Each structure stands twice: as C-alpha cells, then as structure tokens.
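*Asks:* Sequence order for the protein chains is A and L.
Mapping of the first sequence onto my numbering: residues 3 to 287, in sequence order.
Mapping of the second sequence onto my numbering: residues 24 to 320, in sequence order.
The hints are simulated quantities; they were obtained by calculation from the structure and are not laboratory data.
Just so it is clear, the structure is predicted and the values come from calculations on it, not from any experiment.
Certain hints may be false.
Computed from the model, here is a short list of chain L residues facing chain A with C-beta under 10 Å [said to hold, decoys possible]: (1) Gly178; (2) Gln181; (3) Thr210; (4) Leu211; (5) Gly215; (6) Tyr218; (7) Gly222; (8) Arg224; (9) Pro232; (10) Ala233; (11) Leu235; (12) Trp315; (13) Gly316.
Backbone N, C-alpha and C fix where the C-beta goes; we use that ideal spot for every residue, glycine too.
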Amino acid sequence: MSEIENHAHHRPLLQVDGVSLVYRTAVQEVRATHQVSFDVHEADRFVLLGASGCGKSSLLKAIAGFIPPTEGEIRLEGRAVQGPGPDRIVVFQEFDQLPPWKTVRENVMFPLLASGQLGRREARERAEVYLEKVGLSRFADAHPHTLSGGMKQRVAIARALAMQPRVLLMDEPFAALDALTRRRMQEELLALWDDVRFTLVFVTHSIEEALVVGNRIGLLSPHPGRVRAELNSQGWSLDRQGEAGFQAAVQRIHRLLFEDAGTAPSGGVTPVRAPVIPLQERRHA
Amino acid sequence: MSTHSLSATRPVPPLRAEYERELAPLSHVQPARALPWHTRLRTHAGARQALILIALAALWEAAARWQHNDLLWPTFTATLRALAEGLGSGELLVKAAVSLRTLLEGYALGVLAAFAFTALATASRWGRDLLGTLTAMFNPLPAIALLPLALLWFGLGQASLLFVLVHAVLWAVALNTLAGFQSVPDTLRMAGRNYGLTGVRFVVQILLPAALPSVLSGLKIGWAFAWRTLIAAELVFGATSGQGGLGWYIYQNRNELYTDRVFAGLVLVILIGLAVEGLVFQTLERLTVRRWGQQRG
C-alpha cells in the first residue's frame, strides 16, 4: 500500500499501533481485530468504515479505554491509554446514554462535574454555550424522554463537546435516526467541526456517511478486522452526492470492502454479509 | 410468451397527474387544547380509586345489614363509629403510634441491611452468589415462623419484633435492588465510566438512579411485608413492656367480643397502608421515575 506519508514534523495525536482485540466467551476466543494500526492527527475527522463484524466498534471502545488490547498499544499524545477517561468522550448510538433522571442541561453538566473539571456555575455556563451550538437552548429544562431521537443525539454531542475532549469518539451516532434527520445531523456535525475544530474518530457502516463526514477514511475488512486501506475524502457535501466523482468514490470503497483481498477470486460484487460472525472461521494461534 | 399473459393479469397502478400546493398558515386550528374537567377527572387515578373505595363500602354496608349479626359482621357505619370513638379517646392513636415506631425502626434497619448486601453483590461475584443463595433460602420463609426463635434469643420485647421485621424487609428489598442494578443498560454504565466515575460515586450517580423503578418497587414490597409481619407478631405475643400496638388492640377486643372495634383496628391498618402507598410512595414515584420517563404514569 502507498502508505508512506511523512509526518515527521507533525506528531499524530492518537496512535493505534498494532492493536489486536480478543473477546473471550465461555466457550471460545473471538478475535475482533488483528494488528490494526492507524494515526489520527489534530482536527482530523477520521472515519472507521467497514461491514458488520469488522471490529470497528470494538476499536472505538478500545480507544475509549473500555476494552484493553491483547496485543499492541493505543497512545494518546504519546501516552498509552490505560482505561476510560474524560479526555476521550464517546457519543454512543443508543439513546439511553443520557441519564433519564437529569434534564438536558444537567446532562451536559454531568461529565464536567463528575470529572471535577469545573465548578457548578462554570459548568452551567459551559453547558449553555454548547446547548446553544446544537440549537437546544429552549429545551435545557426538559427531560430526555420528552425529546425526539435526533434531539437526544444533539444533547449527547453537546455533552461530549462541552468536555472539550482531546478526541471525540462517535460510534454510529446517527444510525438509529431516520434518514432525513440523519442528513441534517451530518450537516450540523460538519458545521460544529468547522466552528470548534475538534478531533473526531467516527465509526460507521455507511459509505456515503463516511465520505461526507470524514476527511480520512480507514477501511476495515471483517473477521477479524484488519486495515484494508486509508483514503482521503475530498470534502464531499451532502448535495454533491449525485456527482460522478462521488459515485466513483463510493464504487471504489465498495470494491475495496467487498472484494476479498487476494484470497478469494473476485467474482463481481459480493453481497453484504449476514451479520452472523462465523466464530470458528479464524483462530490465530 | 407467458410473461405477456402474466403482465396482462398483474394490476398496474394508474398514472396520475402531479400537483403542488401552497400551504396557508393555520391560524384558526389550535395544535393543542385543554381537556374538559370530566375527562380529566376520569383519567385521574386518585378519583378512580376513591370511587372504587366508595363502592366497596356501600357493598359492605348492604351485605352486613342483610346478614344482621353485629357479633360476626358489624356494618360499615358501626365500624366507622367504633373507629371514631377509638381515635377520639386517643387509644387507637397511641396503639398506632407504638406499631408505627417499631415498624419504622425495623424497616429502616432492613433497608440498610439490604443496601449493604446489594453493595457487596455489585462489588464481587462472591457477594452476588452469597446474596442469591441467602435470598433463595430465607425469602420463602415466613417472618412469623422465626418468631419463636426470636423470642428464645431476644426475649419478649422490641428486639424480637425488630428481628422478624428485618427478616421480612431485607430479602425483598435486596432482591429487587440487585435486579435493578443488573438491568442498567451497558451504554449508561459506559457513559458513567467514561466520565471517570468509579466505586461508590458510580453506584450513587449511575446505578441507583437508573435502577430506581426496581428499588422503589422493592421498597414498596418490603413495606407491605413489614406491616403485615408486625401486625401478625403483635397478635401472637401482644404487648411489649406494657404497651401494645394495633395487633394487640385487635386481639384484645376480639377476646372481649367487641367485633366493631376489631373491624375498626383492621380498617386503621388498611388506612395506614393506603396512606403510605398513596402519599409516600406515589409522591416519590411522581417526583422521580414518572418525571424521568422511566415508568409510565
């Protein structure tokens, strides 16, 4: 692969270095990823893209510190990640990431207070700022169960951004939303990035979403997850999805993801696999 | 060939003209409107419950009058009169106070012990197995069955009552709290750990509020168990240090064949239960789990 890029003057913010993740169930070990490496730089919008079973969500959880790598290391600013911490805030796909007993404003204040980063008054002020950014100031006193799915995800994003983490981790944050809301959220996320310039690692299984949201895309092959390619996205906006260049990029990624690398003879486009993981398929000694 | 004949029988939707229209603002249609008072009353749980109670009282009165035997079954009005007399003379108030004080002490002890056990069970797998085994052993054991043993160990007094009360409360509350903790979604747990919450802060700020519906239902069940255990225990061994509770009042009046007072005592037991359920627990639920959308109203 032509992966020789010289970043000698520019040290990556986040380094995933030869990371293998292994789940242990009662009867067997399942390898989710195998020796995955990639670098994420300051203000990157790095997208991890792959089909079900490629270990992209596991990788994100490992970066967040919830899963320790069995092999390799994850470094943030040169220091190895040891466990969960408020310098890496996760926005999950599920709506129940918001404690239902806290109002929208309290939800945004919660990590600021829990991590001891700010006092109550400063936390409140910071919460107001970020709720304003996601357009939810009017709902600051509402409880999460009264909000729509898109609004809940906006609260989760405001809560994550208010922490001003070194890296913002998003695990298919828009997958549970309807298509129209998802489009708007993607636009809003890009606008927020333009405003705040946070560093983002974004997991998705949608090629279109990857091209729109990311500036760099890591493609993962499944069972176990390995890096198939890293591509640059040309800054496609949502309204350019019809263009030939965009379609060509989609086709290229589709080919990379679904034509098995080397091993199987390529017989046209393979259909998307069933999400059932053939557990015995690969067991590395 | 056959495709042609197939397409002839297959229905095809008609092609219709497209249209676009400008939508005028809806100034005369209100998006929300207040419900009339009778509809709101019907949907009010308190109103429905009051109606049910009135119907039951009427049924009681009619059945007792038809039976016409004051010694076996006094009427609703006679019971009310006895209740008013008992409350007026202060006797029932004193008895109720004695019962309630013991009850609250036993309940508080039981709940504290339950939380200690649950904390142990959340902290380690051994703790969970310990709680599971103990609950399986002791939860089916009626508290009152332990009373002879309690009397043997602690004598005829407050301590014996507290012992059986703790037994009545502990297992139900611990079981429900643990079940609640175990059903807290993973995402919420990860969110909490993401912000650096661990140990007691994690339990207090994430697990306990997230499991509150189960914890509250455990507290309710524990309360009912405690109340019925206490009355039963008082019926069995009556007065402690010269002061009897409501159970003793019921027992004494049965011996003297004041059946209306027996009923008055029972009614007071029920009333206190209703009051605690309606005032304490429902208020707690309204302020917490219902407001947070964890439980339907």
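*Asks:* Go through the hint on glycine 222/L and say holds or violated, using the shortest Cβ distance to chain A against 10 Å.
*Replies:* Violated. Min distance 13 Å.
*Asks:* For the hint on tryptophan 315/L, does the least C-beta distance to chain A fall short of 10 Å?
*Replies:* Constraint on tryptophan 315/L satisfied, holds at 4 Å.
*Asks:* Does the closest beta carbon of chain A sit nearer than 10 Å to the beta carbon of alanine 233/L?
*Replies:* The hint holds - alanine 233/L has a Cβ within 10 Å of chain A, the shortest such distance being about 7 Å.
*Asks:* Let me know if the C-beta of arginine 224/L comes in closer than 10 Å to any C-beta of chain A, holds or violated.
*Replies:* holds, 8 Å
*Asks:* Taking the closest Cβ pair, is leucine 211/L under 10 Å from chain A?
*Replies:* holds, 6 Å
*Asks:* Just to be careful: measuring from the Cβ of proline 232/L to every Cβ in chain A, is the smallest value less than 10 Å?
*Replies:* For proline 232/L, the interface hint holds, since the closest Cβ of chain A sits about 5 Å away, which is under 10 Å.
*Asks:* Have a go at the glycine 215/L hint: is there a Cβ in chain A nearer than 10 Å to its own Cβ?
*Replies:* holds, 8 Å
*Asks:* Per the CB criterion, is glycine 178/L less than 10 Å away from chain A?
*Replies:* Status violated, d = 45 Å.
*Asks:* Under the criterion of a CB-CB separation shorter than 10 Å, is threonine 210/L in contact with chain A as hinted?
*Replies:* Hint on threonine 210/L: holds, closest Cβ of chain A at ~4 Å, below 10 Å.
*Asks:* Going by Cβ atoms only, is glycine 316/L closer than 10 Å to chain A?
*Replies:* holds, 3 Å
*Asks:* Less than 10 Å between beta-carbons is the criterion; does leucine 235/L satisfy it with respect to chain A?
*Replies:* holds, 7 Å
*Asks:* Let's test the interface hint: is any C-beta of chain A closer than 10 Å to that of glutamine 181/L?
*Replies:* With Cβ-Cβ at 38 Å, over 10 Å, it is violated.
Violated hints, in rising order: 1, 2 and 7; the structure is consistent with all others.
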